[in-house]
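J.: Given next are the chains, with one letter for each unit.
2 protein chains.
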Amino acid sequence: MANIHDVAKLAGVSVATVSRVLNNHPYVKADKAAAVREAIKKTGYTQNINAIHLKRGKTCLIGIVIPFLDHPYFSQLANGIAKAVSNTDFKIVIFQTNYNQDKEIDALNMLKSKQIDSLIFCSRRVSLNIIKEYNSSGKIVLFEDVDIEGISCSYVNHYDCFKDALEFLFESNHTRIGICISRRKGTSSIQREKAFRDFYKSKNLDLLERDIYTGCLYLEDGAKLAQRLYKSGDCPSALLVTNDQVAAGLLTTFNDLGWSVPEDVAIIGFDNQQISKALHLTTIDIPLYSIGQLLVEQALLSETTKHEIDLEIVKRKTV
Amino acid sequence: MANIHDVAKLAGVSVATVSRVLNNHPYVKADKAAAVREAIKKTGYTQNINAIHLKRGKTCLIGIVIPFLDHPYFSQLANGIAKAVSNTDFKIVIFQTNYNQDKEIDALNMLKSKQIDSLIFCSRRVSLNIIKEYNSSGKIVLFEDVDIEGISCSYVNHYDCFKDALEFLFESNHTRIGICISRRKGTSSIQREKAFRDFYKSKNLDLLERDIYTGCLYLEDGAKLAQRLYKSGDCPSALLVTNDQVAAGLLTTFNDLGWSVPEDVAIIGFDNQQISKALHLTTIDIPLYSIGQLLVEQALLSETTKHEIDLEIVKRKTV
Chain U
1 MANIHDVAKL
11 AGVSVATVSR
21 VLNNHPYVKA
31 DKAAAVREAI
41 KKTGYTQNIN
51 AIHLKRGKTC
61 LIGIVIPFLD
71 HPYFSQLANG
81 IAKAVSNTDF
91 KIVIFQTNYN
101 QDKEIDALNM
111 LKSKQIDSLI
121 FCSRRVSLNI
131 IKEYNSSGKI
141 VLFEDVDIEG
151 ISCSYVNHYD
161 CFKDALEFLF
171 ESNHTRIGIC
181 ISRRKGTSSI
191 QREKAFRDFY
201 KSKNLDLLER
211 DIYTGCLYLE
221 DGAKLAQRLY
231 KSGDCPSALL
241 VTNDQVAAGL
251 LTTFNDLGWS
261 VPEDVAIIGF
271 DNQQISKALH
281 LTTIDIPLYS
291 IGQLLVEQAL
301 LSETTKHEID
311 LEIVKRKTV
Chain F
1 MANIHDVAKL
11 AGVSVATVSR
21 VLNNHPYVKA
31 DKAAAVREAI
41 KKTGYTQNIN
51 AIHLKRGKTC
61 LIGIVIPFLD
71 HPYFSQLANG
81 IAKAVSNTDF
91 KIVIFQTNYN
101 QDKEIDALNM
111 LKSKQIDSLI
121 FCSRRVSLNI
131 IKEYNSSGKI
141 VLFEDVDIEG
151 ISCSYVNHYD
161 CFKDALEFLF
171 ESNHTRIGIC
181 ISRRKGTSSI
191 QREKAFRDFY
201 KSKNLDLLER
211 DIYTGCLYLE
221 DGAKLAQRLY
231 KSGDCPSALL
241 VTNDQVAAGL
251 LTTFNDLGWS
261 VPEDVAIIGF
271 DNQQISKALH
281 LTTIDIPLYS
291 IGQLLVEQAL
301 LSETTKHEID
311 LEIVKRKTV
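Residue numbers (UniProt numbering), protein chains in the order written: chain U, 1 to 319; chain F, 1 to 319.
If we strip away everything but chain U, and leave its shape as in the complex, we get (with noise of 0.2 Å):
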């Protein structure tokens, strides 16, 4: 494969003078620019633009880190950002971490190296303390709550939204909530978590640690722990669940074994997605999508920019 240096051999010009022929400077007097044109057609020359990059310190790159794709969640966030980046000149690097550290570490390394220009965390385990470390390495977008110097983030107020929840379910007469999240650990899940304890203890209410279900994200993790509440008969009279796929599990399972919703057991999802309108399952919208676009119009922006998310509970049949 010929390199810059062969066309310029070849012409009998310097490296400088090829790179102003191929990217049509002016100032090239015109019989050089014809003896380089000659040797890039000879030479079979293809200009490689990571060369032309690195020069830049441009890779017009943007890293999204992202626990999986498989996920509607995350799915239709990943299609919101690549939207967006689909009408600038840039392109996304995917790095599925399966919340594993590593890979989230060596996404950091890429943007530290100047393989990508910026970076934006769709979720993490990674500590902040590392995120940090990485601060002038190039831009760092987070997809929750955070107060970093120079690290830009997109949040939702979980804890609000899980309040305002659990109060809509008080309203109509529960008094003994079951919550189920995923990750006990993850960001959201504490925020979640707070909020559950904060309104049990607002309403003098007992809470039962047992209606806490931890490590719920697909549908089949619904559908058996709907098999579990049905053989328990230890069920609470309603279920404020994080994510739709999880509810649609739930909410298909009971009905199977016979029971009614909400009759039997009330459920709100999360996410509206298009299984929740199906199955007419009451839950919480949040805009994946125009998220999506704003996170990629932070990791673009030079400043540093901080939005809160707006949520609103999507009333259907299940409450």
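These are computed hints drawn from the structure, not numbers from a lab.
Source: prediction; values computed, not measured.
Just so you know, even glycine gets a beta-carbon here, dropped at the ideal spot from N, CA and C.
Accuracy of the hints is not assured; some may be wrong.
Claimed, not checked - 20 Å max Cα-Cα, derived PhoX-like pairs, lysine-lysine:
| hint | chain 1 | residue 1 | chain 2 | residue 2 |
| --- | --- | --- | --- | --- |
| 1 | F | LYS83 | F | LYS103 |
| 2 | U | LYS114 | U | LYS103 |
| 3 | U | LYS224 | F | LYS277 |
| 4 | U | LYS103 | F | LYS317 |
| 5 | F | LYS103 | U | LYS83 |
| 6 | F | LYS194 | U | LYS277 |
| 7 | F | LYS277 | F | LYS231 |
| 8 | F | LYS114 | U | LYS41 |
| 9 | F | LYS114 | U | LYS114 |
| 10 | U | LYS132 | U | LYS112 |
| 11 | F | LYS114 | U | LYS58 |
| 12 | U | LYS42 | F | LYS112 |
| 13 | U | LYS41 | F | LYS112 |
| 14 | U | LYS58 | U | LYS114 |
| 15 | U | LYS277 | F | LYS203 |
| 16 | F | LYS132 | F | LYS112 |
Stated by the list, open to error - Which residues of chain F face chain U? A few of them, derived with a C-beta cut under 10 Å, are:
| hint | residue |
| --- | --- |
| 17 | PRO72 |
| 18 | PHE74 |
| 19 | ILE81 |
| 20 | TYR99 |
| 21 | GLN101 |
| 22 | LYS103 |
| 23 | ILE105 |
| 24 | GLY222 |
| 25 | LEU251 |
| 26 | LEU288 |
Following the hints, complete the assembly by docking chain F onto the known chain U.
T.: The following block gives chain F in isolation, referenced to the frame of chain U:
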């Protein structure tokens, strides 16, 4: 070092079957699974893609051309790709095209200018003639049946698969079957429509052109179609639907309107997504996750390879 082809050859099965066994995928016959395990032992095959003799590029980036990321079919495929890549030093660059030709050509140009090492087309609009022009730019892998020198592919025989499903419905006494497809001019749709027409001819049945429903991709498309069919009073006795999302939209909406499935109308979906399990949908299992891994292996091998993927009908409660 043995590769997946050597294992398949020794076991006397397809590469897709080996991939299914490696991924503990269900729906593999016991004797085939045993043969595969025996062949793995004999060849000393290891699934670590890094261990295979790979063509090492300079960017360690693999481009993925994919129309949408927010659709379960494509996101599961992308997930398989991302998972396979995560065992290597490579990263993926996503070209989310929304079937826009310019975006597809953009990806091909990035391959040509060596910004990526390989390019996998999950689905395309751009003509094969254009793709051929980039043949020497780097490794191109297509997820469809093509015979172009230097271009690898994995594919599903959509014709045979549709024929099998139609025969299954015919055995269940359905003689007026409707089909729901996505883009009418997509490569898969063309094969499927041909199978549909050939089936009607072979059974000496009259095909009604209005029983071919196009533009069906999302759950809401199925919901809308169900309402239209219910109101029209002119519904086939069975529907063969090319994705589970649409099938789920049809099923839940028919139920809402008071129709029973399969008594009033039978439904077969496609993909065997989680939603189909929850709704007891009869569907066609396509091992998207394994296919994603296969495509990556093909993208990293220097040889040109071709694999046919087997599909199976998963019989549940909607036929």
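J.: Compare the structure with the hints numbered earlier in the document and write down the numbers of the violated ones, lowest to highest.
T.: Numbers 1, 4, 6, 7, 15, 20, 21, 23, in rising order.
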